[in-house]
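Participant: Residue numbers (the UniProt record's numbering), protein chains in the order written: chain A, 1 to 262; chain B, 1 to 320.
Be careful, since some hints might not be right.
So, partial list: chain B residues that the calculated Cβ filter (under 8 Å) puts toward chain A [to be verified]:
(1) Met-1
(2) Ala-101
(3) Leu-107
(4) Ser-109
(5) Thr-137
(6) Lys-182
(7) Gly-185
(8) Pro-188
(9) Ile-202
(10) Arg-208
(11) Asn-211
(12) Asp-297
(13) Ala-310
(14) Ile-315
Calculated directly from the structure, the hints in this document are not laboratory data. Note that beta-carbon positions come from the ideal geometry of N, C-alpha and C, so glycine has one too.
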Amino acid sequence: MSLRIVVTVKYVPDATGDRHFADDLTVDRDDVDGLLSELDEYAVEQALQISENSDDDVEITVLTVGPEDAKDALRKALSMGADKAIHVEDDDIHGTDAIGTSLVLAKAIEKAGYDLVISGMASTDGTMGVVPALLAERLGVPQVTLLSEVSVEDGTVKGRRDGDAASESLEASLPAVVSVTDQSGEARYPSFKGIMAAKKKPVESWDLSDLDLEAEEVGLEGAYTTVDGAAERPARTAGTIVKDEGEGGKQLAEFLAGQKFI
Amino acid sequence: MAEVLVYVDHVDGAVRKPTLELLTLARRIGEPVAVALGNGAGDTAAVLAEHGAVKVLTHEAAEYADYLVVPKVDALQAAHEAVSPAAVLVPSSAEGKEIAARLALRLGSGIITDAVDLEAGDEGPVATQSVFAASFTTKSRVSKGTPVITVKPNSAAVEAAPAAGAVEALSVSFSAQATGTKVTGRTPRESTGRPELTEAAIVVSGGRGVNGAENFAIIEALADSLGAAVGASRAAVDAGWYPHTNQVGQTGKSVSPQLYIANGISGAIQHRAGMQTSKTIVAVNKDAEAPIFDLVDYGVVGDLFDVVPALTEEIKTRKG
Ligand SMILES: Cc1cc2nc3c(=O)[nH]c(=O)nc-3n(C[C@H](O)[C@H](O)[C@H](O)COP(=O)(O)OP(=O)(O)OC[C@H]3O[C@@H](n4cnc5c(N)ncnc54)[C@H](O)[C@@H]3O)c2cc1C
Ligand SMILES: Cc1cc2nc3c(=O)[nH]c(=O)nc-3n(C[C@H](O)[C@H](O)[C@H](O)COP(=O)(O)OP(=O)(O)OC[C@H]3O[C@@H](n4cnc5c(N)ncnc54)[C@H](O)[C@@H]3O)c2cc1C
Chain A
1 MSLRIVVTVK YVPDATGDRH FADDLTVDRD DVDGLLSELD EYAVEQALQI SENSDDDVEI
61 TVLTVGPEDA KDALRKALSM GADKAIHVED DDIHGTDAIG TSLVLAKAIE KAGYDLVISG
121 MASTDGTMGV VPALLAERLG VPQVTLLSEV SVEDGTVKGR RDGDAASESL EASLPAVVSV
181 TDQSGEARYP SFKGIMAAKK KPVESWDLSD LDLEAEEVGL EGAYTTVDGA AERPARTAGT
241 IVKDEGEGGK QLAEFLAGQK FI
Chain B
1 MAEVLVYVDH VDGAVRKPTL ELLTLARRIG EPVAVALGNG AGDTAAVLAE HGAVKVLTHE
61 AAEYADYLVV PKVDALQAAH EAVSPAAVLV PSSAEGKEIA ARLALRLGSG IITDAVDLEA
121 GDEGPVATQS VFAASFTTKS RVSKGTPVIT VKPNSAAVEA APAAGAVEAL SVSFSAQATG
181 TKVTGRTPRE STGRPELTEA AIVVSGGRGV NGAENFAIIE ALADSLGAAV GASRAAVDAG
241 WYPHTNQVGQ TGKSVSPQLY IANGISGAIQ HRAGMQTSKT IVAVNKDAEA PIFDLVDYGV
301 VGDLFDVVPA LTEEIKTRKG
């Protein structure tokens with residue numbers, strides 16, 4: 001038996017950098033360093049653990065849709081231990097929204113072949129948290145999402161989803177789409193050996209024609225949503241800051257009372 | 001006037017506040033038609049009518065509790081067919097976003113998530129989003145299909161607006177995918193008696209500075225003196241001092257209360273992502289250089305073990 005896992009990983013602008021929009025109201029990627037979305041490291045980690053706990057032959061492919069630099073995200077995932085990578089890159093993809101992104105990813109996943117797709121819970125830029133559900137809908141397979149615990153055995157994926165009202169145990173047959181939260185277990189650091197090995201691992205590049213997609217189906221042109229404006233939030237006016245010299249609690253209470261909170 | 005579908009988030013018939021906020025927003029763009037599913041769906045009608053629902057479409061079936069997400073998508077799709085609405089609004093919970101996304105795809109529609117405001121526009125509803133850890137505000141709209149929009153809690157004040165609220169049974173036939181993901185067990189969360197974190201008017205949070213699970217008692221005491229919910233930073237959650245369900249931030253809850261009080265929290269970007277839209281922000285931190293102070297309306301540089309209990313005492317005294 002063999003198990004083919006595709007892990008979707010996104011290349012995002014560093015959240016600790018100065019993120020902003022370009023003139024066409026898409027994310028400006030030129031002025032900020034990019035990296036593998038930290039929440040997707042958890043997805044790579046769970047794929048590696050499923051592989052380590054499996055008697056089957058497991059092949060882990062990492063997949064990204066993004067510009068040239070997005071290869072960095074793939075390299076990072078490969079150095080953690082994934083086997084191979086697919087980079088979907090095409091100028092026409094610029095500005096694609098969630099519906100379009102899920103289309104490109106679903107086509108690539110089908111072309112790659114899969115038994116299990118593992119995604120992060122959300123990207124750290126768009127933070128929509130919808131792509132895994134969209135992939136399940138497109139691929140017509142079960143979604144087993146937002147898991148803080150995941151395991152695969154005998155063609156079945158099981159997991160725990162910690163929701164607002166309850167913690168749920170979930171189960172579905174493969175093929176399936178899984179997403180994992182940052183509660184699923186710390187992601188490993190690439191070892192030196194891993195980094196060296198990653199350099200030799202195959203990275204395939206596909207464009208829209210490889211996926212039988214037309215330019216109009218993606219990008220700003222194909223988008224189902226339109227951004228009409230983006231404005232930087234006005235800086236908050238400087239607040240009052242006091243040093244506690246025994247009266248800090250009382251002073252704060254005074255402030256809260258003045259604001260009618262007490 | 002055009003109808004607007006509003007997905008009802010309820011627990012056994014008890015409607016959660018974000019749904020009532022959605023009804024308020026829905027009235028800006030049309031006539032709200034509520035869709036309530038699962039156990040107790042029929043019991044939601046009175047409160048929905050009181051808040052503007054002209055119609056309440058209900059459907060009860062075991063599938064909603066026994067399988068993940070998809071049965072609810074099937075039902076909303078049926079409601080969409082029955083009503084042909086001008087928009088579909090869903091509360092921005094983790095599940096709400098997944099339901100909305102799959103529905104949008106089936107309808108050939110765009111989706112906007114985490115709107116913080118909504119208004120009528122010439123080309124359909126215009127959503128305001130607060131992005132990049134709330135450092136930017138964007139205006140967007142759905143340009144294809146029926147707009148599907150999820151809205152964050154606390155995005156509008158709940159307004160009563162009595163309407164007919166006529167209950168109609170929705171007819172739903174479940175898709176082949178509906179039973180794909182089975183819920184094999186469910187452990188309900190124990191209620192603390194405190195307000196729900198995302199819905200609370202006041203949130204009192206503790207971070208690494210609280211330094212131990214047992215010390216969270218002083219954070220809870222302050223919260224209780226204000227009738228507030230308790231939040232925690234990821235550092236406090238990762239240390240096992242407080243449950244993950246109370247985490248505020250990018251991978252926790254996003255809150256937008258009238259008042260947020262951060263105690264022993266440095267204010268990392270991922271924490272700010274979840275609380276920066278709070279109306280009034282207060283922090284207690286012993287480090288005058290902590291980034292959280294860049295956000296505050298009022299800050300106390302000091303030891304939280306001195307300041308917080310003193311504040312709690314003072315609040316109790318003032319409240320008598
Ligand atoms: C600030 C901001 C707001 C946005 N708002 C909207 C909106 O309201 N509606 C809309 O349609 N689009 C929106 N977009 C565009 C949208 O973010 C992208 O199309 C995106 O790729 C999909 O959404 P996400 O990044 O939020 O992914 P999420 O749904 O949060 O991502 C979940 C997981 O999906 C996988 N994934 C997502 N994107 C990729 C990728 N490119 N390659 C590989 N794996 C991936 C990853 O595993 C990731 O962890 C927004 C973008 C930004 C930057
Ligand atoms: C992908 C990703 C997602 C993340 N998601 C989240 C998230 O959802 N929520 C979140 O909070 N973080 C999140 N983080 C973590 C975040 O980056 C920070 O590490 C975290 O917020 C720090 O928590 P803290 O402020 O409690 O701890 P610290 O940064 O260690 O700060 C503790 C503060 O307490 C102060 N202090 C110490 N003792 C006292 C005292 N006695 N009295 C007063 N002050 C005191 C210190 O001066 C310091 O400022 C995420 C990180 C990543 C990479």
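Participant: Look at each hint and say if it fits the structure.
Facilitator: Hint-by-hint comparison with the structure:
1. Hint status for B:Met-1 relative to chain A: violated, with the closest Cβ pair at about 24 Å, above 8 Å.
2. Given hint, B:Ala-101 at the interface with chain A, holds; its Cβ is 4 Å from that chain's nearest Cβ, closer than 8 Å.
3. Taking 8 Å as the C-beta cut-off, the interface hint given for B:Leu-107 is violated, the closest approach to chain A being about 10 Å.
4. Given the 8 Å rule on beta carbons, the hint for B:Ser-109 holds: about 6 Å separates it from the nearest Cβ of chain A.
5. Nearest Cβ of chain A to the Cβ of B:Thr-137: about 5 Å, under the 8 Å cut. The hint holds.
6. Hint status for B:Lys-182 relative to chain A: holds, with the closest Cβ pair at about 5 Å, below 8 Å.
7. Because the smallest distance between the Cβ of B:Gly-185 and any Cβ of chain A comes to about 4 Å, under 8 Å, the interface hint for this residue holds.
8. For B:Pro-188, the interface hint holds, since its Cβ comes within 8 Å of a Cβ in chain A; the closest pair sits about 5 Å apart.
9. The closest approach between the C-beta of B:Ile-202 and any C-beta of chain A is roughly 7 Å, which is under the 8 Å cut-off, so the hint is satisfied.
10. Below 8 Å, beta-carbon pairs count as interface contacts, and B:Arg-208 has none with chain A, the closest being about 17 Å; its hint is therefore violated.
11. With its C-beta approaching chain A no nearer than about 17 Å, B:Asn-211 sits outside the 8 Å limit, and its interface hint is violated.
12. Interface restraint check for B:Asp-297: the shortest CB-CB distance to chain A comes to about 4 Å, inside 8 Å, so the restraint holds.
13. Below 8 Å, beta-carbon pairs count as interface contacts, and B:Ala-310 has one with chain A at about 3 Å; its hint therefore holds.
14. A cut of 8 Å between beta carbons decides the hint on B:Ile-315: the least distance to chain A is about 6 Å, and the hint holds.
Checked against the numbered hints above, the structure violates hints 1, 3, 10 and 11; every other hint is satisfied.
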